[in-house]
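Taken in order, these protein sequences are the chains called A and B.
Read in order, the letters of the first sequence are residues 2 to 312 in my numbering.
Read in order, the letters of the second sequence are residues 567 to 838 in my numbering.
Please keep in mind that the hints were generated in silico from the structure rather than gathered at the bench.
Ideal placement from N, C-alpha and C gives every residue a C-beta, glycine not left out.
Worth double-checking, as some hints may not be accurate.
[To be verified] Here chain A is said to cover these stretches of chain B; the calculated rule only asks that three of the stretch's residues, wherever they fall, bring their Cβ under 8 Å from a Cβ of chain A:
1) 738-750
2) 778-792
[As the list claims (entries may be wrong)] Straight-line distance between alpha carbons at most 25 Å, and here's what the computed DSS-like set of lysine-lysine pairs gives:
3) A:Lys236 - A:Lys225
4) B:Lys666 - A:Lys30
5) A:Lys305 - A:Lys236
6) B:Lys825 - A:Lys119
7) B:Lys781 - A:Lys278
8) A:Lys206 - A:Lys218
9) A:Lys305 - A:Lys225
10) A:Lys206 - A:Lys119
11) A:Lys236 - A:Lys206
[What the hints assert, rightly or not] Some chain A residues flagged as far from chain B (calculated, every beta-carbon gap over 10 Å):
12) Asp60
13) Gln65
14) Leu71
15) Asn81
16) Val95
17) Tyr122
18) Ala161
19) Leu166
20) Gly172
21) Ile209
22) Ala212
23) Ala232
24) Ser264
25) Leu298
26) Lys308
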Amino acid sequence: MFSLDGLLTWSEIMIDKPFRPDRIRYWLKAYFFIVPSLLFVLIFLYYPMLTSIYHSFTDWNLAQAEWIGLDNYIRMFNDNTFRIALSNQLLFTVTDIVKSIVFPLLAAELILSLRETKLQYLYRTGFVIPMLIPGIVFVLIWLSVYNPSNGLLNHFLSFAGLNSLARPWLGESDTAIWAVILMGFPYITGLPFLIFLAAIGGFNKEIIESARMDGAKFRNIFLKMHLPLLAPQFKVVLLLTIIGSLQDFVRIIVLTGGGPGVSTTVPSLIMYNSAFKNSNYGYGSAVGIFLFVSILLLTLLVSKIFKSERE
Amino acid sequence: MRNYRVAEVGVVLSLSVLLLLTLVPFAMLLFLSFKDHLDIVIDFWGIPGEIKWENYSTAWSAVSGSIGNSLFICCVTVAGAVLISSMAGYSFARNRFPGKEILFMLIISVMLIPSMLNIVPLYAIISQLNLTDSFWGLILPYISGTQLVGIILCRTFFQGIPEELFEAARMDGAGEAYLYLRIALPLSMPVIATLGIITFISVYSDYLWPLIILKEPHLTFTIQAVNMTTNGRPDLGLSFAAYIIGSLPMILVIMFGMKYFVQGITSGALKS
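Hey, can you work out the whole structure from these sequences and the hints?
So, in structure tokens, the structure goes:
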């Protein structure tokens, strides 16, 4: 991707006559095309990110920043709420990984085992329909599903004669976190499903067919052939899910606001609240840096696991 | 052979159950959006005596302003992102100049920073620039974020254009600006459509950044939709109608550009 292939013959000619005014003018034109991009990247991405490392060591209210050393980080690791948030995050990330693999992979395998291409197309389209609406509307729909008195879930339970099970799912601290996790069941819609579908659809059918001719069971074809071949896809899905999971607090803001109490709070929500609710931007920056380092380490870990497996 | 049939029926059955579970919340949304709030409270499952179209007209007057705001922000962001990423992509693909590789790496490696973790320091910049409660406070960061995928897409595409096309124009004395505007851009419409659609979708559905930057009454649709649902005692039928109306721009954009949308989400996977 970063090679110098395919360069212009015209600019090759330019190279032979270095430092002529027209060559300088040509360079300036080339830079002119890049400057807008570069300015945006420097002002809105690099500058904030680098200053936030500094600000994480300060008590900062946007107007004034006072150097306080490691205090923000010490406070973070001693804070009981932050510890609860970490254990919630662990649960969210683990379940997000399971959610991004089990049902999407199952659905992709089932769809591709159909012999009717029309049926394949029908199911594939059906599962993708929810991608057409904005993600926040998806969360709001699920908020209404959990609505205690007028929600689909409780109405369904009373319809099925299970009145005693109905409860304010998002309002009780022992059910709230599981209600957030269960949002979006059966989790097929999304990128992992499309990734698995594309990969399995692209497998060499002759090899798999000949294995079946030789009497291989579906279970063995899946375990011995599909799973190992899907390693690159697992890696991508795992990375996407982990990165997404550590950043995703929008669903939590809308569904529970982190409550009841702190039962569904996560570190990224603490980052948001301490900065934008309590004007404690220094502490918010420190939590942000902590999350950035966590994501970096987890990304390296996943890459390493998949690298050593290939060898 | 008979076993195979049985297996096939099992597969179809399981897939149908999964599809039903996936779509039930949406069917509920559509069904209840035509019901009066009291109708929903009293008889959740019942088919309404009369369809309440009024939900849609009331919802339209409640959210049309915020949809307009969202569309304005989306269009300016798409135009800006397409312009600057195609310019940079052109130069990275077709020009040779000192520091090219380093500058490209500098721009691209910023993708490694998860955008969500940038919100606190980015907010500080936006408030220094006095852009809080302004659409530009959304548009400028959106452009800087979305142009990154755009630069990669455009660079790859421009590298694939045969050199003869450019060479001929250069012989006639055409400058870089002419080559970019008259040769590169017109050829790159498929890439621009892909970039435009993924940018539109990510900007239109963003909730967090408008929540931080904007204040009443200048809201985007996503904020308005959440406010309608969580402020006071919401009218359920009305908010469901509002969700549907607000989703329409995105549905239309995806439908019209299905081909480019599919290319877009697969190239989006490269981002990690």
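Check on Ser264 (chain A) being off the interface with chain B, judged by Cβ distance over 10 Å: holds (19 Å)
Non-interface label on Gln65 (chain A), tested against every C-beta of chain B at 10 Å: holds (12 Å)
Quick one: work out the minimum CB distance from Leu166 (chain A) to chain B and report holds if it exceeds 10 Å, violated otherwise. Given that every Cβ of chain B is farther than 10 Å from that of Leu166 (chain A), nearest at about 17 Å, it holds.
So is Tyr122 (chain A) really clear of chain B, every C-beta pair being over 10 Å apart? Holds, because the least Cβ-Cβ distance between Tyr122 (chain A) and chain B comes to about 12 Å, which exceeds 10 Å.
25 Å limit on alpha-carbon distance, applied to hinted pair Lys305 (chain A) and Lys225 (chain A): Roughly 22 Å between the alpha carbons, so the hint for Lys305 (chain A) and Lys225 (chain A) holds.
Regarding the assertion that Gly172 (chain A) does not contact chain B, is the least Cβ-Cβ distance greater than 10 Å? Fine: 13 Å to the nearest Cβ keeps Gly172 (chain A) off the interface.
Taking beta carbons only, do three or more residues of the stretch 738-750 of chain B come closer than 8 Å to chain A? With 4 residues close enough to chain A, the hint holds.
Quick check for students: does the CB of Leu298 (chain A) sit more than 10 Å from each CB in chain B? Its Cβ never comes within 10 Å of chain B, the nearest being 13 Å, so this holds.
Beyond 10 Å from every chain B Cβ: check whether that's true for Leu71 (chain A). Consistent with the label, Leu71 (chain A) stays out of reach of chain B, its closest Cβ about 18 Å off (over 10 Å).
When you check the alpha-carbon spacing of Lys305 (chain A) and Lys236 (chain A), does it fall within 25 Å? holds (10 Å)
Mind checking the alpha carbons of Lys666 (chain B) and Lys30 (chain A) for me, to see if they're no more than 25 Å apart? holds (13 Å)
Decide if the proposed pair is consistent with the structure: Lys825 (chain B) and Lys119 (chain A), CA atoms, cutoff 25 Å inclusive. Status holds; Cα separation ~19 Å.
This entry satisfies every hint, going by the numbered hints stated previously.
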